[in-house]
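Numbering (this note's numbering), first residue to last: 125 to 303.
Straight-line alpha carbon distances no greater than 25 angstroms define the calculated DSS-like cross-link-like pairs of lysine-lysine that follow:
#1 LYS211 with LYS168
#2 LYS211 with LYS175
#3 LYS211 with LYS250
The set of hints was computed from the structure by calculation and includes no laboratory data.
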Amino acid sequence: MAHLTVSVEYGIHCLLWLVSSGDTPLSSRDLAELQGISPSFLAKIFPRLEKAEIVAASEGVRGGYRLARPPEEISFLDIVDAIEGDKPLFDCQEVRGRCALFDGNPPEWSTAGVCAVHAVMLRAEKAMRATLAQETLASVAAGFGRKAPPEFGGDVERWIRERIEARGSSRTPRTRPVP
Numbered sequence: 125m126a127h128l129t130v131s132v133e134y135g136i137h138c139l140l141w142l143v144s145s146g147d148t149p150l151s152s153r154d155l156a157e158l159q160g161i162s163p164s165f166l167a168k169i170f171p172r173l174e175k176a177e178i179v180a181a182s183e184g185v186r187g188g189y190r191l192a193r194p195p196e197e198i199s200f201l202d203i204v205d206a207i208e209g210d211k212p213l214f215d216c217q218e219v220r221g222r223c224a225l226f227d228g229n230p231p232e233w234s235t236a237g238v239c240a241v242h243a244v245m246l247r248a249e250k251a252m253r254a255t256l257a258q259e260t261l262a263s264v265a266a267g268f269g270r271k272a273p274p275e276f277g278g279d280v281e282r283w284i285r286e287r288i289e290a291r292g293s294s295r296t297p298r299t300r301p302v303p
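When you get a sec, could you build the whole thing from the sequences and use the hints?
Below you can see the structure in the form of structure tokens.
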């Protein structure tokens with residue numbers, strides 16, 4: 125788990141919209157436009173989420189993505205690992221054995237055991253992974269819309285419904301949620 129990129133943020137926000145959509149699949153393009161992010165960038169994230177069985181895809185005019193599991197069963201750690209891969213937080217370079225005084229031949233005592241710096245980083249990674257494992261899409265979705273006025277949820281649902289209906293007809297969908 126190296127530096128968490130913007131892909132994780134985009135992915136989590138999209139997944140939170142999927143929580144609220146229930147069984148209605150949403151296209152990655154609609155999710156991107158809803159949030160003002162690049163559709164092509166988001167299109168690269170969803171195959172990773174699908175491979176990790178976090179989302180399931182459906183094809184066709186009204187196709188898109190839906191959650192493949194209940195949101196209570198999808199942890200933030202699942203999402204991070206799906207998008208970023210299971211990379212270590214810290215990549216120890218064993219600097220302790222490179223001291224100029226060792227002239228390329230470090231003594232046993234200088235490299236024995238786990239590097240103290242690496243040990244700290246391992247504990248930090250373990251704590252971060254534990255925290256991410258405790259949070260689920262359901263736990264975050266429960267408080268996700270507290271800032272928005274109650275009508276915002278209806279506005280978003282209407283915007284999405286118009287987009288889905290427009291794909292089946294010739295009219296052009298709105299590009300912004302109806303206020």
